[in-house]
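With the hints as extra help, turn the sequences into a complete structure.
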Amino acid sequence: MALEDIFPEPLVLAPLSGTHRHTIILLHGRGSRADAFSTEVSGTHLNKLPNFADDLDHNAAPSTTPPSPTARKDPTTLQEALPDAKFIFPWARKQRATVYKRSIIRQWFDDWHCSPELSGDIVDTRYDKGLQTPGLGDTVRFLHGLIAAEARILGSARNVVLGGFSQGAAASLVAALLWDDGGEGLGAVVSMAGRLPYQTQIMAHLDTAACAGNGSSEVGDDYDVVFDPFEDPATLQDGETRAGPTLSAIEWLREEIELPKEGRSILRHAQSTTSVLLCHGQDDQQVYIEGSRRALEILPRLGLRPVVWRTYDGVGHALSDDMLSDVAGFLRGALGLS
Numbered sequence: 004m005a006l007e008d009i010f011p012e013p014l015v016l017a018p019l020s021g022t023h024r025h026t027i028i029l030l031h032g033r034g035s036r037a038d039a040f041s042t043e044v045s046g047t048h049l050n051k052l053p054n055f056a057d058d059l060d061h062n063a064a065p066s067t068t069p070p071s072p073t074a075r076k077d078p079t080t081l082q083e084a085l086p087d088a089k090f091i092f093p094w095a096r097k098q099r100a101t102v103y104k105r106s107i108i109r110q111w112f113d114d115w116h117c118s119p120e121l122s123g124d125i126v127d128t129r130y131d132k133g134l135q136t137p138g139l140g141d142t143v144r145f146l147h148g149l150i151a152a153e154a155r156i157l158g159s160a161r162n163v164v165l166g167g168f169s170q171g172a173a174a175s176l177v178a179a180l181l182w183d184d185g186g187e188g189l190g191a192v193v194s195m196a197g198r199l200p201y202q203t204q205i206m207a208h209l210d211t212a213a214c215a216g217n218g219s220s221e222v223g224d225d226y227d228v229v230f231d232p233f234e235d236p237a238t239l240q241d242g243e244t245r246a247g248p249t250l251s252a253i254e255w256l257r258e259e260i261e262l263p264k265e266g267r268s269i270l271r272h273a274q275s276t277t278s279v280l281l282c283h284g285q286d287d288q289q290v291y292i293e294g295s296r297r298a299l300e301i302l303p304r305l306g307l308r309p310v311v312w313r314t315y316d317g318v319g320h321a322l323s324d325d326m327l328s329d330v331a332g333f334l335r336g337a338l339g340l341s
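For reference, each letter of the sequence shown is one residue, going 4 to 341 in the numbering used here.
Derived from the structure by calculation, the hints contain no laboratory data. Computed from a prediction, not measured in an experiment: that's the story for all the values here. Note that beta-carbon positions come from the ideal geometry of N, C-alpha and C, so glycine has one too. Hints are not guaranteed to be accurate.
Label-pair ranges, simulated between beta-carbon atoms [unchecked claim]:
| hint | residue 1 | residue 2 | range |
| --- | --- | --- | --- |
| 1 | 17 | 137 | 32 to 40 Å |
| 2 | 158 | 136 | 29 to 37 Å |
| 3 | 263 | 11 | 35 to 43 Å |
| 4 | 57 | 106 | 39 to 47 Å |
| 5 | 107 | 57 | 41 to 49 Å |
Shown next as structure tokens:
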């Protein structure tokens, strides 16, 4: 079945200015809906927008220090902050959720509950191979199709932003990591109360590939490592050289969710200037904040940078006015609007 037949038609909000210069794709969380999420995002009134200029210095280390609010008059909604942006709110398809006794709900992929210690991919210390694969693979292909279509309209993927809330944020991070269109990254990625799936497995591949590249024979028993000690790095397919631990991990992730490769384009993968904002409530008891904290460490190693991390006192698994104000300020900076 074609992907356009699997996923419902997205909800689209036209640019307030009437001029389309950017596209913001935002995914709802598991069990929610595109219309409800768009209403919440559009109806939340913003505080003063912070200035992220220093955080968006691409040579800077990952930032955790809140910026100072600007002194100018600020817009009151996310749409007003980005008046030239088309907003796309996709719908997740209905699937049986393992964690909810196989009840049918809207979700971007199937998975377990997230604990503070684990990435949601491991239960009772064992990695559940395949639980996330079908749904996450379809979702990433669907999102890549949306991005490609908007990039054609706007002339560049740099004018497209991908993000979401909760499981929608998780799917967005994976889609951003695996987006590969001639080495051109996205304009930005935003994760609200989300996590990076496969954190444990990705770290294992980053570390074991690095050891392999140094000639080490210490390889974990639970993971396959993309390394052949007898392979001549000068004679890889298409004459390309091995790119190291980052692309080993990316290649594993692509294969894990069964995402087709275009030739050997993965070895030319580059998102070196795709800015990321990670937002999380301090009191989130559904997707624990540790998931964002680990993503803050992992994403730069996978080529997404700069990464900015913001947390919010007294906020649980929810959006907040401060969170969306940060999203607005961050996107204005990432898209060169302030």
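Status of each hint after checking the structure:
1. For residue 17 paired with residue 137, a C-beta distance near 33 Å keeps the hint of 32 to 40 Å intact.
2. In this structure, residue 158 and residue 136 meet the distance hint of 29 to 37 Å, their C-beta atoms being roughly 34 Å apart.
3. Distance hint check for residue 263 and residue 11: the Cβ-Cβ separation is about 23 Å, which falls outside the suggested range of 35 to 43 Å.
4. The hint said 39 to 47 Å for the Cβ distance between residue 57 and residue 106, and at roughly 46 Å that hint holds.
5. Checked against the hint of 41 to 49 Å, the C-beta distance between residue 107 and residue 57 comes to roughly 46 Å, which is consistent with it.
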